[in-house]
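A.B. asks: These protein sequences, in sequence, are chains F and R.
Using the numbering used here, the letters of the first sequence correspond one by one to residues 15 to 154.
Using the numbering used here, the letters of the second sequence correspond one by one to residues 9 to 386.
Check the hints yourself; a few may be wrong.
To be verified - Sample of chain F residues with no beta-carbon within 10 Å of chain R, all distances over it, derived:
no.	residue
1	32
2	61
3	63
Unchecked claim - Okay, the calculated beta carbon distance ranges per label pair:
no.	chain 1	residue 1	chain 2	residue 2	range
4	R	251	F	64	47 to 57 Å
5	R	251	F	125	29 to 39 Å
6	R	239	F	122	53 to 63 Å
7	R	197	F	27	14 to 24 Å
8	F	107	R	212	35 to 45 Å
9	R	259	F	107	14 to 24 Å
10	F	122	R	67	44 to 54 Å
In case anyone wonders, no lab produced these hints; they're calculated from the structure.
The C-beta atom is built at its ideal place from N, Cα and C for all residues, glycine as well.
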Amino acid sequence: MTAKLNPPQPEPSLDSLPYWESLKAGVFALQRCTACREWQFPPLDTCRHCAGSLSLQTVSGRGTIYTFIINHRPSAPGFDELLPYPVALVAPEEAPHLHIPGRIVGAANEDIAIGRSVMAEVVDHPGGEWKVPVFRIIAT
Amino acid sequence: MAANDPMVVGIGRSPYSRNSGRTTASLAVEACRSAIADAGMDLSEVDGIVEFNVGDSVGSLNVAYALGLPGLRMPVDIQNGGNVVTLAVALACMAVQSGKCKSVLVYRSLNSRSGQRIGTYTGNLNIGGDDQYGAPHGYMAPGQWFAMYCRRYMHEFGTTYEDLGRIAITTRAHAGKNEAAIMREPITMEQYLASRWIYDPFRLFDCALEADGACAILVTSRARARNLQQVPVQMLDEETFMGRHPDSWEDMGHLFSARAAPPLWERTGLKPADMDFACIYDCFTFTTIGVIEDYGFCEKGGAGEYYASGKATYGGDCVINPHGGLLSEAYIHGMNHHFEAVLQLRHQAGERQVKDAKVALVTAGTGPFGGGLIYARA
Numbered sequence: 015m016t017a018k019l020n021p022p023q024p025e026p027s028l029d030s031l032p033y034w035e036s037l038k039a040g041v042f043a044l045q046r047c048t049a050c051r052e053w054q055f056p057p058l059d060t061c062r063h064c065a066g067s068l069s070l071q072t073v074s075g076r077g078t079i080y081t082f083i084i085n086h087r088p089s090a091p092g093f094d095e096l097l098p099y100p101v102a103l104v105a106p107e108e109a110p111h112l113h114i115p116g117r118i119v120g121a122a123n124e125d126i127a128i129g130r131s132v133m134a135e136v137v138d139h140p141g142g143e144w145k146v147p148v149f150r151i152i153a154t
Numbered sequence: 009m010a011a012n013d014p015m016v017v018g019i020g021r022s023p024y025s026r027n028s029g030r031t032t033a034s035l036a037v038e039a040c041r042s043a044i045a046d047a048g049m050d051l052s053e054v055d056g057i058v059e060f061n062v063g064d065s066v067g068s069l070n071v072a073y074a075l076g077l078p079g080l081r082m083p084v085d086i087q088n089g090g091n092v093v094t095l096a097v098a099l100a101c102m103a104v105q106s107g108k109c110k111s112v113l114v115y116r117s118l119n120s121r122s123g124q125r126i127g128t129y130t131g132n133l134n135i136g137g138d139d140q141y142g143a144p145h146g147y148m149a150p151g152q153w154f155a156m157y158c159r160r161y162m163h164e165f166g167t168t169y170e171d172l173g174r175i176a177i178t179t180r181a182h183a184g185k186n187e188a189a190i191m192r193e194p195i196t197m198e199q200y201l202a203s204r205w206i207y208d209p210f211r212l213f214d215c216a217l218e219a220d221g222a223c224a225i226l227v228t229s230r231a232r233a234r235n236l237q238q239v240p241v242q243m244l245d246e247e248t249f250m251g252r253h254p255d256s257w258e259d260m261g262h263l264f265s266a267r268a269a270p271p272l273w274e275r276t277g278l279k280p281a282d283m284d285f286a287c288i289y290d291c292f293t294f295t296t297i298g299v300i301e302d303y304g305f306c307e308k309g310g311a312g313e314y315y316a317s318g319k320a321t322y323g324g325d326c327v328i329n330p331h332g333g334l335l336s337e338a339y340i341h342g343m344n345h346h347f348e349a350v351l352q353l354r355h356q357a358g359e360r361q362v363k364d365a366k367v368a369l370v371t372a373g374t375g376p377f378g379g380g381l382i383y384a385r386a
């Protein structure tokens, strides 16, 4: 395997396409119910709490690290040069019961801890047209 | 006691290996034939098969055909992993209890080492469905999901790397007395801590031993079991709870087992202290910790001490995974736990026999999805 591989590309469904299109425009937004005001992730067609209609709402990008791992073994193409790399599940401040997966960037692995505050950044995703949210540790 | 109580009357398996050189169909047929022969039943009495797979195995109808059956009254193929093992067994038992079927095989067959291996790839990938959000971050393997749970659990309950190591060490020690286990050499805490990182907090010895093989059990009614050749083992009750993708589970300090355990104990009137041994689904060391704590074998955060003080082994409270589990016997996706439970309850486990074993808990799954059942020597 000598050719450099790209990281996996998302393959959106009709329900998740607006989320990915929003990221592509540089905006990190999550679904919120227009009726009961509950936040949802991952995207669905209708609200799982009240069956109401959903709209994408821009979020602050601030959140906390709910949990994280340090990947030492390649488990997807395109990450060999980043090993060992951290991935976290981030609880957004607007909806702390949700868990958004994303890489932590700009921090030494030893400095990553549960409960630390992070800010989302929408960055180009190599190998295609999509963008993804990554998270940077910020002062609380 | 009823004539239609569901009983496991036969167990069978193929050899477990790292490279079977055989198809999953060949492995499944060997395990099923072996279970039928073990029971002393005529093949023609089998009218149902339940199996589960993740797109990596042979279906029930192909196995029925290869066994020489004209067809089945109940072919069930569950598209899911080790979280549905006890549910698969429960479906077989329900079919027998209701009279839908006379005798039902449950099998799992996979080449999880030499064939379709978790977390491997050969080229670029496009990922839809549940993993479209994590995969672009290099996050899509079950070991990664449950390492996330483990980290959170360590944060909430003070579980340590050494606690994880104690599970690996004890489980390996048990495998030393199991000739079917792939890994039988004892390991020390030093070796555990020196083993390479996979997904921190998981090291190599925290992860299930991916393997090739098949395992099967045969279920029939108490009435039919009377004239078969083995001591029957009754499936007393089963409880499953399944949530969706692991990332969506809100409280990673409590696994499926926090929901599946209470109804099982309540309905059966049994408690952890009544279990002579337990076969806990141990895809990772952490799974054993979270699950035995949720089932109440010890307090939350207490599993490390439970193992350290010898309560999880011979001479303790409850021998956990006497066969060496998925960590050291083989990753036959939890079906091998049922083989071991029945063998122990029939008092046929040789030098690793748990003395006077009468009742056992067997679990399946981790994170947001799994189940547990109780077997009793009839």
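A.B. asks: Indicate, hint by hint, whether the structure satisfies it.
C.D. replies: These are the hints, each one checked on the structure:
1. 32: holds, 13 Å
2. 61: holds, 15 Å
3. 63: holds, 13 Å
4. R/251 to F/64: 47 to 57 Å: violated, 20 Å
5. R/251 to F/125: 29 to 39 Å: For residue 251 of chain R and residue 125 of chain F the Cβ distance comes to about 32 Å; the hint holds.
6. R/239 to F/122: 53 to 63 Å: holds, 59 Å
7. R/197 to F/27: 14 to 24 Å: Given about 47 Å between the Cβ atoms, the range is violated.
8. F/107 to R/212: 35 to 45 Å: holds, 37 Å
9. R/259 to F/107: 14 to 24 Å: holds, 19 Å
10. F/122 to R/67: 44 to 54 Å: Given about 49 Å between the Cβ atoms, the range holds.
In summary, the numbered hints that this structure violates are 4 and 7.
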